[in-house]
Structures are given as structure tokens and as C-alpha cells.
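Spelled out, the chains give:
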Amino acid sequence: MEYVYGALLLHAAGQEIDEEKLKKVLTEAGVQADEARLKALVSSLKEINIEEVLKNAAAAPVAAAPA
Amino acid sequence: MEYVYGALLLHAAGQEIDEEKLKKVLTEAGVQADEARLKALVSSLKEINIEEVLKNAAAAPVAAAPA
Amino acid sequence: MEYVYGALLLHAAGQEIDEEKLKKVLTEAGVQADEARLKALVSSLKEINIEEVLKNAAAAPVAAAPA
Amino acid sequence: MEYVYGALLLHAAGQEIDEEKLKKVLTEAGVQADEARLKALVSSLKEINIEEVLKNAAAAPVAAAPA
Amino acid sequence: MEYVYGALLLHAAGQEIDEEKLKKVLTEAGVQADEARLKALVSSLKEINIEEVLKNAAAAPVAAAPA
Amino acid sequence: MEYVYGALLLHAAGQEIDEEKLKKVLTEAGVQADEARLKALVSSLKEINIEEVLKNAAAAPVAAAPA
Amino acid sequence: MRKPAQWKVELVDQVAKEISSSNVTAIVSIKGLRNKQFQDIRKSLRGEVKIRVMRGTLIKKALEKAQKKDIKGLEQFVSGQVAVVTGNIGAPVLYRRLEGTKQRAPARGGEIADHDIVVEAKETSFPPGPMISEFQKVGLQTAIEKGKIVIKKEAVLVKKGEVITPEKAKVLERLEIFPLIVGLDVLGAYEDGIIFTKESLSITPEQVAADVATAFARAKALALRATFMVPEVVPELLAKAKLEADALALAAGFLTESNVQLFILKAIREANALNA
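Protein chains in written order, with the working numbering: chain A, 58 to 124; chain B, 58 to 124; chain C, 58 to 124; chain D, 58 to 124; chain E, 58 to 124; chain F, 58 to 124; chain G, 141 to 416.
Hints in this document: simulated from the structure, not taken from any laboratory.
Every residue gets a Cβ at the ideal spot worked out from N, C-alpha and C, and that includes glycine.
Please note: incorrect hints may appear among the correct ones.
The following label-pair restraints were derived from C-beta to C-beta distances [to be verified]: (1) C/Thr84 x B/Asp75: 52 to 58 angstroms; (2) C/Lys112 x G/Lys299: 25 to 31 angstroms; (3) A/Ser100 x F/Gln72: 53 to 59 angstroms; (4) G/Asp256 x C/Asn106: 56 to 62 angstroms; (5) A/Glu108 x F/Gly71: 47 to 53 angstroms; (6) A/Thr84 x G/Met194: 47 to 53 angstroms; (7) C/Lys81 x D/Glu109: 29 to 35 angstroms; (8) C/Glu109 x G/Lys299: 55 to 61 angstroms; (9) A/Glu104 x C/Glu73: 20 to 26 angstroms; (10) G/Ser265 x B/Asp75: 51 to 57 angstroms; (11) E/Gln72 x C/Ala93: 24 to 30 angstroms.
Okay, derived cross-link-like pairs now, SDA-like style, lysine to any residue, Cα gap no bigger than 25 angstroms in a straight line [unchecked claim]: (12) E/Lys96 x F/Gly87; (13) A/Lys81 x D/Gly71; (14) G/Lys277 x G/Arg314; (15) C/Lys96 x D/Gly71; (16) D/Lys103 x G/Pro371; (17) G/Lys338 x G/Leu185; (18) F/Lys112 x E/Ile107; (19) C/Lys96 x F/Gly71; (20) E/Lys96 x E/Thr84; (21) D/Lys96 x C/Gly71; (22) G/Lys288 x G/Glu307; (23) B/Lys80 x A/Val88.
From chain G, some residues computed to sit far from chain E (all C-beta separations above 10 angstroms) [stated by the list, open to error]: (24) Ser184; (25) Ile191; (26) Gly220; (27) Thr282; (28) Glu285; (29) Lys288; (30) Ala295; (31) Ile321; (32) Glu346.
Pulled out of the complex, with its shape left as it was, chain A reads as follows (with noise of 0.2 angstroms):
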């Protein structure tokens, strides 16, 4: 989830998620980021409306809180 982690960082920061940028940002984090894959998310993340899907993950029962 690294990638995808990151991705909401730079999304939260109100940045544009592109290769350049997730790759940095893991880097800094440690972890040797794969090419294919940094652009397989980033493209398919341009295909979806990011907001929206917070949106609805939100809404889901994250509930089960921590003892």
C-alpha cells in the first residue's frame, strides 16, 4: 500500500499525482519505488475522480474501533 499511501499524501497536499513526485515522496519514505508500477497507479488514477472515492470510503463503517 506504499504507493497508494503516498498517492493520498501528495493528493491531500493538494498536489497533481504524477511518476515524479510519488517517486520522490517514497523514496524519502524508504522504499525503493518500481517504475511499472508507480505508472501503472498514477494512470489509473488519472481515470478516477479521487474526491469521490474518499468520499464514499469514508462513509463506509470504519467504525471497528480499537479496544
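Fit chains B, C, D, E, F and G to the given chain A structure using the hints.
Below, chains B, C, D, E, F and G without anything else, positioned relative to chain A:
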């Protein structure tokens, strides 16, 4: 949520989450990290079992399935 | 269920599902396709709206997937 | 979902799911398989008990969710 | 579903389900039974414990079954 | 449940469900049909929209398993 | 200018020294705290932190004298009845320890209610007597039942934002309703050159855990939607494909050894529905 995404990125990358690392990751993503929030978040994270929280969250079904 | 997965694969690939194509895919996966079954599945699928069926199946929430 | 259908096709055919086999099946179905996605799926599947997941998927409470 | 209803009728009547009996019942109901399907169902049923399925039917929901 | 399976068989075969037909099917399956039960079932089925009931059955949870 | 009293100079020097040698310094409000509670809190925190109650002007002087970078940033929190807390734990930890000392306390009158104070309808422990008129004076409906004063109807005795009058405070205390939350209320803290506001300190582990769960759910939803094959979502994708295949096989009447159960189940459900 930037701080939390950054922390989870570090966690997924197998890194220990400390203020310095988190700050670097956030900065790389273009977030001007606030020292106090960094510290507060890191110290809170120390008191929770991240793996456990993630496991519980994973058990909850996510609404948004791919079309 | 090989036949059905094969049909789904062809459908997802935007291909029309006919006996020949389905047979090829199954063969590639190491399945010795039975002509009668191929025929039965292909002809039944012609009579249903696959998209509709998939949409309804997807609407069903998938619970607790093991991590 | 093509990749997932392809993987399940191989699984149902009693084959081990590796990148090469999956790629061949996808190609046969007319899908231009992306190496990164192949790799990601195959490596993810290695960490999963597919039988278990499929069994649970059938047992999972579909539709009739309590309010 | 005719074949399945016929098989369950035989089962409920305490009969063993074989191709001949199933064919007769179907014919009586006005169904022109297809040998291949008869064979497929009868041999499939040999591999499951119908009683068990009946017992579990209350607990196990059916996957998004189309009408 | 023999009577009900018999009725479902007739319905699936596109036949109208009447006492005579149902009795024949049951007899063929080795069931000694009781006139009163035949009558009761046939007359109650006349009052419901079978298609509708079957459609709902797919979605609704199974209430009580037959023993 | 008059020379400051010797005790003041010594106190300021002493506190400045304590701040200099401590990891964390916090300015806390002691408003509403009674002496007894204060002593209890001090006792429960003994060995962990030092608490100094002193005048604001002296706190500011101590902050000025302390050998800590940027500690003057704490001055903004020095106003009203405050104390200086020093210790060698992290600022967030100190905050949580101090929050943990907060207790419910009876009102004395004159305080402002921070929530609606409700008196429930219930039997009290008081026999008929002068208490009745005290209850009635503040507007409670009372009656005598089985030799006890009974409050007949639930009432909001003090609305949020209103002042708790001495009469009402007295009644509340009689009914053992403690509307105040008192303790050392952290206004701001300092650690390692960083000034923590109450807002950043109030990030709790519980909230962080909830945020982590939310972040995970979002990541999972995004990965699912992007069909980004990570182990966290692959089981769900598999399950989805399986359900789709089942549904398609059922719809197509494609019965095989591996899915005959589905058909049997469907028939059973239908029979049950029809039999109902």
C-alpha cells in the same frame, strides 16, 4: 490527514515513525509540517498498535468496488 | 467454473464470447474444453445481459476478506 | 478485472499462477498484459489462501444485510 | 432450473437421483431433457451431500442470484 | 417440499400448474400424492404471482430450512 | 524603582532553573480548582512533574530568565489563575497525564455552565422538610412519596452558557450532581523549541487510531477502484470475481460440479419462498 497518510506510508515502508522522518516525507510532498502536530501525532502513534488498527479496518468491508 | 471465468475474462477484454475464443482461452489455461459445455455456456450467455448480472453481483457487499 | 479473472481461471484449472501463464491467458483473450500489474497480482496472490477467500466469498452474507 | 427442481423433487421423494429417473420426471413435466445436462447434473450431485446443503441453506445465503 | 418442487418444475417448464399435471409429475417421482394437499397448493399458487415470489427469493434470506 | 522582594527574586530564579533543566514546560489554568483537589493532583503527579502556582508577572520573569530557546513563546498563555508545570516527559504525554487528573466537581455558584445541567425525575434521599422549599425555589416540581421528597419531572436546571446561581449550586450539590470539570487545564506547552497549543496537544491516541483506520479505508477504496493489485485488496477482488462468476453461472444456468450447490440453494430458497 496528510500527517496520517505520511505516517502510514512510513509504516508500510517498514520504517519506524519518528518526527524527523515524517517531516521529511511531508516536506517532500509539499506540506509545511507543523512541529507541534508532528510531535503530538508521533507520540499518539506510539501508544496505539497500528497493525491492530489496520487489521480491524481491513475487516470492515469497503463500499467502493471497482465498476 | 473455468468456463465462467474464461467467459468473464473475454467479456472484460471487450471480446464477444464465442465458442472458439472461449476454447482458446481455456486451452491456454490448461483446460481441456468440453464442446458441449462450451456450447451450453456460450448459447446461454447470448440470452442474458452480462453487464446487468455483473452489476447486481457487484452490488452485493463482500464481507470480511482475510488480510 | 481481466487480470483477476485470468488468475481465477488458472486457479480453477488447477494451475499455479505465475506471471508467464497469466500473461499467456490474457494475451489469448486479447488483453495486452501490463508487466507491473501481472507482477503485483501474482506476488499478492502468493500471500493469500485463494481457496479460503473463495470459500468465504460464497459464505459472505450477500444482500440480506441487517439494517 | 427445471433439472434442479426435478432433482430436488426426486430427493424429497426419497429416490436416488439417476439420469433415467430425472429424465422421466422432466418429460412428465413437459421438458425435453437434454442428455448432456442430465449427465452433468447427476454427476455433479454425486459429489455433494444434498442433505448437508439443505441443512445449511438457512444459514448460507446464495450469492446474488439473478431471478 | 415434494409438492412445491413439483410445482416449481412445472412452472419452469412453462406449464400451468394444475392438480392433474402436478399429480402426474409427483407420481413419476415416486410420490403418492394426497388429493387434499394437491388442491391446497394449486389453489394457493393461483393467488400469487410466482415470478414475483421467485425474484424476491433471490434477495431474501432463507427463513427456515426444511428439516 | 523599588527593589523586588527577596523571596520573589529567589522564586523566579528557582523556577527559571527548573524550566531550564526540564524537558517540558506547560502553562496550566487552575481556575475553579479547590485546594484539596489541587493537593490530590499534586500528590498523584509527584515524581513526574513539578507544579508551581505563582503570579503571572513572576512566571513571565521566570520564562525570560530560563535557558531555553524560544521559551518566551509560552508568555501568550499566561493570564488568569495559572501555574507552571515542568517535567521530563513529552509534551503530549504531559497533556494526557494532566487531562487524566480532571474530575467532576460541585458548583459553588457563579460559574458558567458549559453544558445543559439536567435534573432527572427521581426519588431523593431527603425526608420532607426544609429541602422542599429549596427545590421549589429553583423551579423543581416536587412531591412527597413514601416519606421521601420526589422530583416529579425532569428539568434543565441551568442552560448551557448560563450562570449557575448559588441557590442552584446548592441544590445540585444536594442531589450529588457535579456539573464542573476541574483539574489542571493545559493552555500551552513547550518542548524542544516548539510551542504546543491546546489544539495540537489534544490529538489523542484514540483519534489518531480512528484517523489511521480512515486513512486505510481510503487507501483500500482507492486501490480497489484503481485495481491496483496490493495484497490488501486482492482478496476482495478475488471475492468479487467469484461472486460475479457465481451470478453469471446462475443466470446462464451453467451448472457444473463446482457450482451445483448454488443451484440447489437457489431452488431451496425458491421453494421456501413459495411455501411460505
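Here is how each hint holds up against the structure:
Against the hinted window of 52 to 58 angstroms, the Cβ-Cβ separation of threonine 84 of chain C and aspartate 75 of chain B comes to about 55 angstroms, which satisfies the hint. Between lysine 112 of chain C and lysine 299 of chain G the beta carbons are some 53 angstroms apart, a value that contradicts the proposed interval 25 to 31 angstroms. Look at serine 100 of chain A against glutamine 72 of chain F: about 55 angstroms separates their beta carbons, and that is inside 53 to 59 angstroms. Taken as a hint, the range 56 to 62 angstroms holds for the pair aspartate 256 of chain G and asparagine 106 of chain C, whose Cβ atoms sit roughly 57 angstroms apart.
Hint check: glutamate 108 of chain A to glycine 71 of chain F, Cβ distance near 51 angstroms, so the stated range 47 to 53 angstroms holds. At roughly 51 angstroms, the beta carbons of threonine 84 of chain A and methionine 194 of chain G sit within the given window of 47 to 53 angstroms. Distance hint check: the CB atoms of lysine 81 of chain C and glutamate 109 of chain D are about 31 angstroms apart, consistent with the given range 29 to 35 angstroms. Between glutamate 109 of chain C and lysine 299 of chain G the beta carbons are some 57 angstroms apart, a value that agrees with the proposed interval 55 to 61 angstroms.
The supplied range of 20 to 26 angstroms is met by glutamate 104 of chain A and glutamate 73 of chain C, whose beta-carbon atoms lie about 24 angstroms from each other. The supplied range of 51 to 57 angstroms is met by serine 265 of chain G and aspartate 75 of chain B, whose beta-carbon atoms lie about 55 angstroms from each other. For the pair glutamine 72 of chain E and alanine 93 of chain C, the supplied restraint of 24 to 30 angstroms holds, since their beta-carbon distance comes to about 26 angstroms. As the CA atoms of lysine 96 of chain E and glycine 87 of chain F are separated by approximately 21 angstroms, the hinted pair is consistent with the 25 angstroms bound.
Distance restraint check for lysine 81 of chain A and glycine 71 of chain D: the Cα-Cα separation of roughly 41 angstroms exceeds the 25 angstroms cut-off, and the hinted pair is therefore not satisfied. Distance restraint check for lysine 277 of chain G and arginine 314 of chain G: the Cα-Cα separation of roughly 14 angstroms lies within the 25 angstroms cut-off, and the hinted pair is therefore satisfied. With a C-alpha separation of about 22 angstroms, the suggested pair lysine 96 of chain C and glycine 71 of chain D falls inside the 25 angstroms cut-off, and the hint holds. Simply put, lysine 103 of chain D and proline 371 of chain G have alpha-carbon atoms about 9 angstroms apart, close enough for the 25 angstroms limit, and the pair holds.
Between lysine 338 of chain G and leucine 185 of chain G the alpha-carbon distance is near 20 angstroms, which keeps this suggested pair within the 25 angstroms criterion. Taken as a hint, the lysine 112 of chain F and isoleucine 107 of chain E pair is honoured in the structure, with Cα atoms around 23 angstroms apart against an allowance of 25 angstroms. The hinted pair formed by lysine 96 of chain C and glycine 71 of chain F meets the criterion: a straight-line CA distance of about 23 angstroms does not exceed 25 angstroms. Among the hinted pairs, lysine 96 of chain E with threonine 84 of chain E is consistent with the structure: their alpha-carbon atoms are about 15 angstroms apart, no more than 25 angstroms.
Distance check on the hinted pair: lysine 96 of chain D and glycine 71 of chain C sit about 23 angstroms apart at the alpha-carbon level, within 25 angstroms; holds. A hinted pair counts as satisfied when its Cα atoms are at most 25 angstroms apart, and lysine 288 of chain G with glutamate 307 of chain G qualifies at roughly 21 angstroms. Note on lysine 80 of chain B and valine 88 of chain A: the hinted pairing holds, with a Cα-Cα distance of about 16 angstroms set against a maximum of 25 angstroms. The claim that serine 184 of chain G lies off the interface holds: its Cβ sits roughly 53 angstroms from the closest Cβ of chain E, which is beyond the 10 angstroms cut-off.
No Cβ of chain E comes within 10 angstroms of the Cβ of isoleucine 191 of chain G; the nearest lies about 61 angstroms off, and the non-interface call holds. The claim that glycine 220 of chain G lies off the interface holds: its Cβ sits roughly 62 angstroms from the closest Cβ of chain E, which is beyond the 10 angstroms cut-off. Listed as a non-interface residue, threonine 282 of chain G keeps its Cβ farther than 10 angstroms from every Cβ of chain E; the least gap is roughly 56 angstroms. No beta-carbon of chain E is positioned within 10 angstroms of the beta-carbon of glutamate 285 of chain G; the least distance is around 52 angstroms.
For lysine 288 of chain G, the requirement that its beta carbon stay farther than 10 angstroms from each beta carbon of chain E is met, with the minimum near 53 angstroms. With a least beta-carbon separation of about 50 angstroms from chain E, alanine 295 of chain G lies farther than 10 angstroms from that chain, consistent with its non-interface assignment. Against chain E, the non-interface label of isoleucine 321 of chain G holds: every CB pair exceeds 10 angstroms, the least being about 49 angstroms. For glutamate 346 of chain G, the condition that its CB be more than 10 angstroms from all CB atoms of chain E holds, with the nearest at approximately 35 angstroms.
Checked against the numbered hints given earlier, this structure breaks hints 2 and 13; the rest are met.
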